[in-house]
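Novice: Could you put together the complete structure from these sequences and hints?
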Amino acid sequence: MNFHAIKAIYRFEMARTGRTLFQSIVSPVLSTSLYFVVFGAAIGSRIEEVDGVSYGAFIVPGLIMLSLLTQSVSNASFGIYFPRFTGTIYEVLSAPVSYLEIVIAYVGAAATKSILVGLIILATAHLFVPLDIQHPVWMLLFLMLTAVTFALLGFILGIWADNFEKLQFVPLLVVTPLAFLGGSFYSINMLPPFWQTVTLFNPVVYLISGFRWSFYGQADVSIGLSVFMTFLFLVICLAVISWIFKTGWRLRA
Amino acid sequence: MSPILKISNLSKVYDSGFHALKGIDLEIERGELFALLGPNGAGKTTLISIICGIVNASGGTVTVDGHDIARDFRAARAEIGLVPQELTTDAFETVWATVNFSRGLFGKPKNHAIVEKVLKDLSLWDKRDNKLITLSGGMKRRVLIAKALAHEPRVLFLDEPTAGVDVELRRDMWRVVRRLQETGVTIILTTHYIEEAEDLADRVGVINGGEIILVEDKVELMRKLGRKQLILHLADPLEAVPETLAERGLELGQNGETLVYTYDTQAERTGITALLKDLHAAGIRFRDLQTRQSSLEDIFVNLVKAPS
Chain A
1 MNFHAIKAIY RFEMARTGRT LFQSIVSPVL STSLYFVVFG AAIGSRIEEV
51 DGVSYGAFIV PGLIMLSLLT QSVSNASFGI YFPRFTGTIY EVLSAPVSYL
101 EIVIAYVGAA ATKSILVGLI ILATAHLFVP LDIQHPVWML LFLMLTAVTF
151 ALLGFILGIW ADNFEKLQFV PLLVVTPLAF LGGSFYSINM LPPFWQTVTL
201 FNPVVYLISG FRWSFYGQAD VSIGLSVFMT FLFLVICLAV ISWIFKTGWR
251 LRA
Chain B
1 MSPILKISNL SKVYDSGFHA LKGIDLEIER GELFALLGPN GAGKTTLISI
51 ICGIVNASGG TVTVDGHDIA RDFRAARAEI GLVPQELTTD AFETVWATVN
101 FSRGLFGKPK NHAIVEKVLK DLSLWDKRDN KLITLSGGMK RRVLIAKALA
151 HEPRVLFLDE PTAGVDVELR RDMWRVVRRL QETGVTIILT THYIEEAEDL
201 ADRVGVINGG EIILVEDKVE LMRKLGRKQL ILHLADPLEA VPETLAERGL
251 ELGQNGETLV YTYDTQAERT GITALLKDLH AAGIRFRDLQ TRQSSLEDIF
301 VNLVKAPS
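Protein sequence lines correspond, in order, to chains A and B.
Numbered by the numbering used here, the letters in the first sequence go through residues 1 to 253 in order.
Numbered by the numbering used here, the letters in the second sequence go through residues 1 to 308 in order.
Hint data in this document are derived by calculation from the structure and do not stem from the laboratory.
A few of these clues could be false.
[Stated by the list, open to error] Calculated lysine to aspartate or glutamate pairs in the DMTMM-like style (CA-CA distance at most 25 Å, straight line):
id, chain 1, residue 1, chain 2, residue 2
1, A, Lys-7, B, Glu-152
2, B, Lys-277, B, Asp-236
3, A, Lys-246, B, Asp-236
4, A, Lys-166, B, Asp-15
5, A, Lys-7, B, Glu-116
6, B, Lys-140, B, Asp-166
Specialist: Written out as structure tokens, the structure is:
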């Protein structure tokens, strides 16, 4: 293992976060706070409790997931796309680093950033609503697993994209709708039976459901299924990345 | 001693079908400065990119200090430093951070003393806290060299490092290159400035159309392929070469004011003595004479022009 290289890339990526603190940390925290004000305080007070949890508290896990997913994808995709765009990727490709080390470094940094954002949002939420986390270890596990999985997805996206528009395409037009429709703001039990079935094809449902279970002990789908689906998605992303590196697709001519 | 770089039957066909390299065989000796010359699109950058791991080869093998670049890529790449042709740098990093990043990326532990020396050698020390975006093109080029040297490579590739660099900076760079060579670093450079190759290189390779068409010791190459010319400045201009001198192959130049005689320095007889006698007999007087040897550029142009 070339630990020095992993450290160098990781530090480089984290330094980028430091330089763009407003964009990386402050902006998602601010937008999530706005969700709390609108959905939690203004509209939420007129909505009944969901599964015995006040609406303001109910949406906290979903909101954290929403930011976690978009941040993980954006951070990782930008991290690998930008060196490709500027041409500085030559240095990483010519260095004595394995594919695994490159992925650990870039995805690790992207996941770290989004986990930080997630934890800051959690702390911010605590200012608005009383929070009770029933399974804190599971909560952290879901947080990390989801961050890593979606950072892997972002990494794939950053290699696939050949312009900035494509880079924005997946977070805006795929991840955000899936997160909104995946039960961020409602329990899927509130939907008509037909849409409940349709929703089960949305992978984000399992992430949000599992994450919400770690808070309140209640879930739309069983916790075992949530863990399984999260791992399945992780394995699929790893398989795609190993294929990319094996073939050099979009990286090596 | 075994060569530090051994390229065997290396080929590259791009997805577009373009055959960039056609069975390249080349060996680079330890500690030498090898100049790779070739016109645009000849395959120079593709060759360097394959050796450095940026482009995948279609066939053939490359070993760096005995390490295969595919099977044993870690050991092979750790020995190589690359200064790319394009000025590709991060914008918002400082010089100090980016050079230290390169050292870490190549698996070396932090060593501020080495990075400091590299920066000082390249006159970058005063700029160490500057962001890359604030540097001039020439300074960025120096940063790329510093990045390539940060992990103390044994083989350094310089892909047209002086393109677009002013004369003073170019001289500075070559001073650094010479100093590196003195410390035992093997240097492979491509350049458009053939006088640089002529000035610096121990051996010269010429690549054209994806094939190495010549590899030769520079001095030997210039001796073998170089032509020499004797230029006679005439006291009285001539309208034509006199018939008595027709067989000598003389050319009349500069409005009849000079006679140019081309000869082979390797031949048993150069014919100069006989020519001078004939000129005297023809009553042609001259006020000055000079000789001129072909430059590496002349040789290069003749080589790549020749049908392969």
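Novice: Just pull the numbers of the violated hints for me, sorted ascending.
Specialist: As far as the earlier hints go, only 3 is violated by this structure.
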